[in-house]
Amino acid sequence: MSRIESADVVVIGAGIIGAACAEALSAAGLRVLVLDRGAPADATTASGEGNVLLSDKGPGPELDLATASRRRWPDLLATLRDELGDELAQVEWEPKGGLVVATAEEAVGPLADLAYRQRQFGVEAVDLDAAAARELEPHLTDRVLAAAHYPQDAQVHPVLATTALLAAVRARGGEVRGGVEAHGLVFESGGAVCGVRVAEGAVPCAAVVNACGPWAGHFSVAAGAAIEVLPRRGTVLVTGPLPPVVNRKVYAADYVSAVASRDVDLQVSAVVESTATGTVLIGSSRQRVGFDDTLEVEVLRRLAHNAIGLFPVLAGVPVMRAYSGFRPYTPDRLPVIGEDPRVPGLWHATGHEGAGIGLAPATGRLLADLLCGRKPEVDPLPFRVDRPTVIVGPEVER
Amino acid sequence: MQVRWDGEEVEAEAGQTVAGVLLAKGVRSWRTTRGAGRPRGLFCGIGVCFDCLVRVNGVPDVRACQRLVADGDDIRPQSGAELPS
Chain Z
1 MSRIESADVV VIGAGIIGAA CAEALSAAGL RVLVLDRGAP ADATTASGEG NVLLSDKGPG
61 PELDLATASR RRWPDLLATL RDELGDELAQ VEWEPKGGLV VATAEEAVGP LADLAYRQRQ
121 FGVEAVDLDA AAARELEPHL TDRVLAAAHY PQDAQVHPVL ATTALLAAVR ARGGEVRGGV
181 EAHGLVFESG GAVCGVRVAE GAVPCAAVVN ACGPWAGHFS VAAGAAIEVL PRRGTVLVTG
241 PLPPVVNRKV YAADYVSAVA SRDVDLQVSA VVESTATGTV LIGSSRQRVG FDDTLEVEVL
301 RRLAHNAIGL FPVLAGVPVM RAYSGFRPYT PDRLPVIGED PRVPGLWHAT GHEGAGIGLA
361 PATGRLLADL LCGRKPEVDP LPFRVDRPTV IVGPEVER
Chain W
399 MQVRWDGEEV EAEAGQTVAG VLLAKGVRSW RTTRGAGRPR GLFCGIGVCF DCLVRVNGVP
459 DVRACQRLVA DGDDIRPQSG AELPS
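Keeping their order, the protein sequence lines are chains Z and W.
Position 369 (the first sequence) corresponds to 369 in our numbering; numbering is contiguous.
Position 74 (the second sequence) corresponds to 472 in our numbering; numbering is contiguous.
Keep in mind that the hints were calculated from the coordinates and are not lab data.
A couple of the hints might just be wrong.
Here are a few chain Z residues that sit away from chain W, every Cβ distance over 10 Å (derived from the structure) [stated by the list, open to error]:
| # | residue |
| --- | --- |
| 1 | P74 |
| 2 | E94 |
| 3 | Q120 |
| 4 | V126 |
| 5 | L145 |
| 6 | A199 |
| 7 | S261 |
| 8 | G316 |
| 9 | D379 |
One-sided excerpt, in silico: chain W residues whose CB lies under 8 Å from chain Z [to be verified]:
| # | residue |
| --- | --- |
| 10 | R432 |
| 11 | F448 |
| 12 | D459 |
| 13 | A479 |
| 14 | L481 |
Beta carbons are placed, not taken as given, at the ideal position from N, Cα and C, and that holds for glycine.
Let's have the full structure, built from the sequences with the hints guiding it.
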């Protein structure tokens, strides 16, 4: 393998966030090297469902980022098609919309209230009664009491999107290296970053982006500037290929509280969607179990039970496989996007919990704006590194 | 033992899979794709790809490479992907 020469920016982590940052930085004319200790798009990015949602976010900074990102997705995909051609830029983008469903009386009021508050922030959210919901989704349970339709929700194939972004980085003169672990940083005498340490030596660079997802906390410690990012395990069930069953992303109204829960214990909330290949993806589960990726029967049982609760026809379909992965979770539930105040040249782009796919374009754009000194479209303050629950320890050990 | 493939009687042996019986008979495709109706049969042969789906005794989406034949089994081709009824 040839030696890696140098780069303007080294992005650590070739998942969707790293890829989106690398794309935005390379679009700004910087020479970008993306490193991943594993294969690109093989960790958290490959463990989810490809959600691009506004529906699950109440008014606040995350919704602002999601709105900006949802606007950017089609433009970004058009750029990729122009640059790479239709085949390489094919990412199974489906602006299919989302439907949030209440099947319990106590969920009806909060769902309508959330939709109302979201509408004040410019999100399209349409209240539906049971009949209207079943018109949109004919296989939906007849126990539905009320629903909310979000036409702006979308779905994308996360691995295809990531590899397309990385292909653009390479087309612009950047490099992507899987199987290369970053062991730490190299500092010049003033304390700023001037390189990344890998097995074969050091790669000179002017800036480093920590896009390590659930491992961003570990890497930040190796980099000498610890931030609090923790893993939150999720499991997805995949059915065998089926004829069209679910037209949109459909999920239960209790999903938002499952995301927001600080409990360590298992949080399960039904999320169901079809894919271009006919399989139905069934989520969602959240557990704080460190980095244990065991598939637990109880989790699978509850995922299946909840999915059948929304779509009874799924009761008899074959299950093809299941997979587990880790979301990057921050204690205050907001991503971390910005320069580390303790280490000039070290940037973080992580902490997106289960929303990383959808938030990737705006995250990449925000990071590139900040790094290049441009005025960002989204207010960066809520995502700053220097937050009490995120920044760990005042001193930097080197 | 005797099983039926698409209405026709076929000899089978205990321990054979449905895929084994069909391949021995020279049948290489027993399913069509959902979109373009193209022929499909065995692919991975180890039960993980879900490409070899066939209808057995009225139940669709059975993996032919995994299912052992039983006397009197009624094996029929499957069109695309089917929902259980």
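Quick rundown of the hints versus the structure:
no., hint, result
1, P74, "25 Å, holds"
2, E94, "16 Å, holds"
3, Q120, "41 Å, holds"
4, V126, "28 Å, holds"
5, L145, "25 Å, holds"
6, A199, "34 Å, holds"
7, S261, "34 Å, holds"
8, G316, "4 Å, violated"
9, D379, "45 Å, holds"
10, R432, "6 Å, holds"
11, F448, "5 Å, holds"
12, D459, "5 Å, holds"
13, A479, "5 Å, holds"
14, L481, "6 Å, holds"
The structure fails to meet hint 8 from the earlier list, while all remaining hints are met.
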